[in-house]
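Asks: The lines below spell out each chain.
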Amino acid sequence: MRSMALRYLPLLLLAIAWEVVARLGLVSSSALPPLSDVVVSWIDLMRTGELVTNGGASLYRAGAGLALAIVGGAVLGIGMAWSKPINVALGPIVEIFYPLPKSALIPVTVIWLGLGDGSKILLIFLGCMLPVTIGAFNGARSSEQTLVWSARSMGAGRLRMLWDVVLPSAMPELLNGIRTALALSFILLVSSELIVARGGFGYLIGFLGANGAYDAMYAVVLTVAFLGFAADRGYQMLMNRMLQWREQEQ
Amino acid sequence: MPDAAALDAPASSWAHTLLWGFARIGSVLALLVAWEALARSGTFTPFVLPSLTSVVERIWTDALSGELFINTSLTVYRALVGFLISAVFGILIGVMMSRNVIANWFFDPIVSVGFPMPKIAFLPVVILWLGVYDVSKITIIVIDAIFPVIAATLIAIRGVERELIWSARNMGATDRELMWQIIVPAAMPQILTGLQVALPISMIIAVVAEMLMGGYGLGGAMVTASRFADSRGVFAGIVEIAIVGYVMIKAMTILRRRLLIWHQEANEPTTA
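Protein chains in written order, with numbering that gives the first Met the number 0: chain A, 0 to 249; chain W, 0 to 271.
Isolated chain A (complex conformation) (with noise of 0.2 Å):
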């Protein structure tokens, strides 16, 4: 507990140095409201449930794409790494796009599915499928081939031997590819949230820093990068849990 707090103590002083230097008066207070100004326009905000309001339209936004991404990055991936035909004809299409900057396709998808929850579910669909199919590409390619040939001699069949052999040992690039994914939907949920939206966390930053509510603005920033922050652990935690048969193996 003690080396905890010493641990997380920078953080610590850096918000005491933020509150000292708003209070004092060394920056001007639109441009740095004080911490605990801050701390009370979010309560606000929670109170007349604005920010759940918001905030629930985000995550529903940013979990939908995100499982679309995952069942199709997934399928996507094994599948180029299982059949050579699916390779060669997606290989090269995957290629090509996933260089692509993703928040490229933010007005793509305005101009397909326009403003409300349609185009961000599809941004981040798009967005996300690619880290996971590389990922699970990589992970299904580099099964052992030892075990593919002891499950093929005792008579596996292609399917059984998907799921039982390739799946497993593809598990934990896979899952190394979502934690991409993760990361880059929260990117893309916010950016083009904050671009155009109706609803939604950067809806909200953009409303209330376009009406000079500095305070109640910085309480969303911190929310979000909290909770980007907390999913990240969260699905570290999860991901330690899931290869845990892994790790006992060795």
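Since the hints were made in silico from the structure, they are not lab data. Note that the structure is predicted; figures quoted are calculated from it, not measured.
Simulated DEER-style distance windows between Cβ atoms: (1) A250(W) to V147(A): 34 to 40 Å; (2) T42(W) to R151(A): 40 to 46 Å; (3) T44(W) to R197(A): 19 to 25 Å; (4) Q180(W) to T145(A): 38 to 44 Å; (5) T173(W) to R151(A): 57 to 63 Å; (6) S72(W) to R157(A): 48 to 54 Å; (7) V27(W) to G117(A): 25 to 31 Å.
The C-beta atom is built at its ideal place from N, Cα and C for all residues, glycine as well.
Using the hints, position chain W against chain A.
Replies: Quick look at chain W alone, frame taken from chain A:
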């Protein structure tokens, strides 16, 4: 990477390789043809899916008017400056953290909390502080791209072989010499991996920042086009950004190969 599968096949003859090569180009061509056919078939309105030829035409007129050049060079300039600042300071902070206990104590929680955060959420704050010009665009790029560099540098330095360090010490290397002549070069492969993560992030953030702040640049041009319901402009933008992103990442891969050839050669006497 996806092309590994093609290499996996026993390269029995060059005709075989050539055939697969054609098949690979073929699928990209098929995609482009499908785009054009779908747009012309009238299934979608030209607003939802402008034809490939009209988009290419649009890129061509942009190129002739010089707008393409201005927008592309501004975006690349912002992304690269942000990337380079992140690279230099990321490596410096990583080196400092691994050398100095106090630096490590201070930066470690900031890095471990800051790395997984969606830092793009701070963009409105950065705009509030620095305005809507290049300084704030480059600043938000650095805020986003520096973390993978710091993290990779830390892991890389921690992973340098003890024997290398001991031998250098034994031969009388000072701390500074040890760091810059032994540890950093030996850590180079992983540091480069960090840079390879940071570069696409720089591009993503550059485009978002431009979209949000408007003005010149590929992202700005795209958002202006979408405001005027000019979907050809939007599709032209995505093609341009895709090409820029592709070229930058390929260039980085080539650079990595170059740097690591040097690295391995330089280390051959010690590792052999």
